[in-house]
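So the sequence lines, in the order shown, correspond to chains A and B.
106 is the number that the numbering used here gives to position 106 of the first sequence; each next residue is one higher, with no gaps.
285 is the number that the numbering used here gives to position 285 of the second sequence; each next residue is one higher, with no gaps.
Since the hints were derived computationally from the structure, they do not count as laboratory data.
Idealized CB from N, CA, C, for every residue including glycine.
Incorrect hints may have been included.
To be verified - What follows is a list of derived Cβ distance ranges for each label pair:
#1 A/Val201 with B/Asp252: 54 to 64 Å
#2 A/Leu333 with B/Gln246: 28 to 38 Å
#3 B/Phe367 with A/Phe107: 22 to 32 Å
#4 B/Ile239 with A/Val302: 49 to 59 Å
#5 B/Ile239 with A/Ser308: 47 to 57 Å
#6 A/Gly266 with B/Leu142: 50 to 60 Å
#7 A/Gly91 with B/Gly284: 39 to 49 Å
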Amino acid sequence: MNNSRKTQAWISLMIWVVIIAAIIAAPAVLPVFRLNLLGRYLSLAIVALGVDLIWGFTGLLSLGQGIFFALGGYCAAMYLQLNSAFEFPNGIPEFFGLYGVEKLPFFWEPFNSPIFALIAIWLIPSLVAGVLGFLVFRNRIKGVYFSILTQASLLVFFNLFNGQQKLINGTNGLKTDVTLLFGQMVGSDVVQRWFFWISAVLVIFAWLFSKWIVRDRFGNILIAIRDDEARVRFTGYNPTIFKTIIFAIAGGLAGISGALYTVQSGIVSPQFMTVPFSIEMVIWVAVGGRGTLLGAILGAVVINYAKSLVSEALPASWMFIQGGLFILVVTALPEGVLGWIQRGGIRNLLVKVGFSRNIATYPKLEIADREDMKV
Amino acid sequence: MQLIIESLFNGVAIGSVLLVAALGLAIVFGLMGVINLAHGELMMLGAYSTYVTQLLFKQIPMLKPFYDIYVIVAIGIAFIVSGVVGILLERSIIKRLYGSPLETLLATWGVSLILQQFVRSVPLAYGSGVVVALLIALSSPLLLPDDLLAGTKGKFIKAGTWFLSAIAGITTGGILSSLVSKLGRASARNVDVTAPSWMRGGIEVFGTTFPKTRLLIILITLISVVLVSIFLSKSSWGIRIRAVTQNRSMSDCLGISTETVDVLTFGIGSGLAGVAGVAVSLLGSVGPNVGGSYIVGCFMVVVLGGVGNLLGTIIASLSIGVMTDLIGAGRLLTIWPTMPSPLASTIDFFATTSMARVMIFALIVIFLQFRPAGLFPQKGRMVES
Numbered sequence: 001m002n003n004s005r006k007t008q009a010w011i012s013l014m015i016w017v018v019i020i021a022a023i024i025a026a027p028a029v030l031p032v033f034r035l036n037l038l039g040r041y042l043s044l045a046i047v048a049l050g051v052d053l054i055w056g057f058t059g060l061l062s063l064g065q066g067i068f069f070a071l072g073g074y075c076a077a078m079y080l081q082l083n084s085a086f087e088f089p090n091g092i093p094e095f096f097g098l099y100g101v102e103k104l105p106f107f108w109e110p111f112n113s114p115i116f117a118l119i120a121i122w123l124i125p126s127l128v129a130g131v132l133g134f135l136v137f138r139n140r141i142k143g144v145y146f147s148i149l150t151q152a153s154l155l156v157f158f159n160l161f162n163g164q165q166k167l168i169n170g171t172n173g174l175k176t177d178v179t180l181l182f183g184q185m186v187g188s189d190v191v192q193r194w195f196f197w198i199s200a201v202l203v204i205f206a207w208l209f210s211k212w213i214v215r216d217r218f219g220n221i222l223i224a225i226r227d228d229e230a231r232v233r234f235t236g237y238n239p240t241i242f243k244t245i246i247f248a249i250a251g252g253l254a255g256i257s258g259a260l261y262t263v264q265s266g267i268v269s270p271q272f273m274t275v276p277f278s279i280e281m282v283i284w285v286a287v288g289g290r291g292t293l294l295g296a297i298l299g300a301v302v303i304n305y306a307k308s309l310v311s312e313a314l315p316a317s318w319m320f321i322q323g324g325l326f327i328l329v330v331t332a333l334p335e336g337v338l339g340w341i342q343r344g345g346i347r348n349l350l351v352k353v354g355f356s357r358n359i360a361t362y363p364k365l366e367i368a369d370r371e372d373m374k375v
Numbered sequence: 001m002q003l004i005i006e007s008l009f010n011g012v013a014i015g016s017v018l019l020v021a022a023l024g025l026a027i028v029f030g031l032m033g034v035i036n037l038a039h040g041e042l043m044m045l046g047a048y049s050t051y052v053t054q055l056l057f058k059q060i061p062m063l064k065p066f067y068d069i070y071v072i073v074a075i076g077i078a079f080i081v082s083g084v085v086g087i088l089l090e091r092s093i094i095k096r097l098y099g100s101p102l103e104t105l106l107a108t109w110g111v112s113l114i115l116q117q118f119v120r121s122v123p124l125a126y127g128s129g130v131v132v133a134l135l136i137a138l139s140s141p142l143l144l145p146d147d148l149l150a151g152t153k154g155k156f157i158k159a160g161t162w163f164l165s166a167i168a169g170i171t172t173g174g175i176l177s178s179l180v181s182k183l184g185r186a187s188a189r190n191v192d193v194t195a196p197s198w199m200r201g202g203i204e205v206f207g208t209t210f211p212k213t214r215l216l217i218i219l220i221t222l223i224s225v226v227l228v229s230i231f232l233s234k235s236s237w238g239i240r241i242r243a244v245t246q247n248r249s250m251s252d253c254l255g256i257s258t259e260t261v262d263v264l265t266f267g268i269g270s271g272l273a274g275v276a277g278v279a280v281s282l283l284g285s286v287g288p289n290v291g292g293s294y295i296v297g298c299f300m301v302v303v304l305g306g307v308g309n310l311l312g313t314i315i316a317s318l319s320i321g322v323m324t325d326l327i328g329a330g331r332l333l334t335i336w337p338t339m340p341s342p343l344a345s346t347i348d349f350f351a352t353t354s355m356a357r358v359m360i361f362a363l364i365v366i367f368l369q370f371r372p373a374g375l376f377p378q379k380g381r382m383v384e385s
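I would like the entire structure built from these sequences, with the hints used as guidance.
Right, here's the structure in full:
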């Protein structure tokens, strides 16, 4: 046990050294296009952390994280649009002119303030998540029902944003790459390089934050809810509160992630709220290893990078690969890649092919050991 | 009065598509606790089988005289196609995942992606060939005598049937692609199913016109619901399915083969998705994404109607249909034109199909605050979890 803890610590330390070295080296090595892609995927890692917190630790499979992701993106885009609106007629963003709107809708007003925008990016998504979560969890709706409801609410938000041309430019979305920030074009190389650094730093902060959340009693209760919610309730805890809080936190993380992704991809649109994208978030976590925070980050970055490489080479095959990945991970590798390694997967594999000798242990102790690490 | 009838008819028409689609989903969900995210894609397969059937009846000289009844043949074919694919899905993937519904959810999503891309990149002729091959391979163990399949010899015979069915599939694909030119090429474009002449136009009753296609869809739904309810309540396998739905382990103890029940249920549920696909193909053009636009409505029906209850599914889908029409077409405004203006503008805001969905979802969430387990919750003393 002690030994395996040590190896685990070593493994994660090594992964971290590699990650940080890669992040530091990336801007020097990669062309701006690739760097921008990497920055986007790092920001997606933040939403993956949120998914891991609610699914990997608490057992709530949300298929609607795209809502909070897009809300964060919209908050950032609205501020940027207003920030560079002075050159257009009426001093409001350009697209309003297309629909004959002359006065700024009331909910745009507060986004004139950068401080409000910075707070709104995480607060609005987490409030929406909190309210939605509370209404659902209060009734002890869980499992598959919860997943369907989140997916349905995702579609509802999609329809809501998609149809409102006059309020938020509907299906065209809000562009950010031609807006100004500190007098610089957001789409310019300099600003994009800065956003890469911000994403990298925020991923690490989000990781530390998630680590802090799951570290002690609060985290234990989350895991207990995942493993046996009825027993948690009988022990005197109210699972609703814990589920609502963690769902709101995941929503906030999704908001931050969405804002970073928006400024780096240059546009936010209702496409962020399509069903496939939200389910993809789950698969990043599933492949990386649910219940392992590092796995979520690695899953998000590696799969997305692979996706962009594969889609450039063979556009049609990505759907097959992705579909196969879903099935494979669920049936063959339920703990994900990192979980499999942490569970001694490599050693077991070596034993199976005959390269390494099985270590003699007391099977019973081994089982007890596994049980408390079970994810 | 006329307005109310028209509105009700439209609502029932919308609801009946939902009903036949949600019926299969609800049966499978009730029995196995599995939400099949590939259900929409099974509908899509049903819609494409309608298209293929139509082309066959149009272009093969032997079948040409019977063109008028191709829709009825298509219903059967769609049921078989979707049912076979559903059974394959159950046997190969879902079987391994019982007891972990969330994992099943993800796996079926993977399947739905693969099915979508399959339709895009494989010509329909060879797609039909694959279905034929699967049909032969999956049904051969039932047709061959048991003692032939036992032991080592049986393994070879099984492998042989798979080999033969693969050949049969390829041959079918080849024949179809040479006979019907449109089936030979893969295309991601949407296709259109044209209704035979007797189904076009409408029937006029009391000054209101009812489109015949809609009436046919309502009829199809009615027949499927009646057949399913007779099957579930009267036939011995139907009773077994209900027993397993109520208590799986006890049914197992009493000698019901739960494995057979699972296959049967999944086959029927998926087949109903295929029938729904026929209805969908009559309403609009058919593309690889056609299932996605209906699937969420089906989820809402299942959530609202509760698990394992046919009546709940029927009431839920019809009321969602009527509500969609009421809100989406802004009918309240036409019925009550002198409504106070703030209310009128709110209703006007929601008077599109997509905004009607927003409103209905909000209403369902509010409803669930009072009845968390749907319209007809299952009674029992179990602590659910």
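Starting from the hint list further up, note which numbers the structure goes against and sort them upward. none
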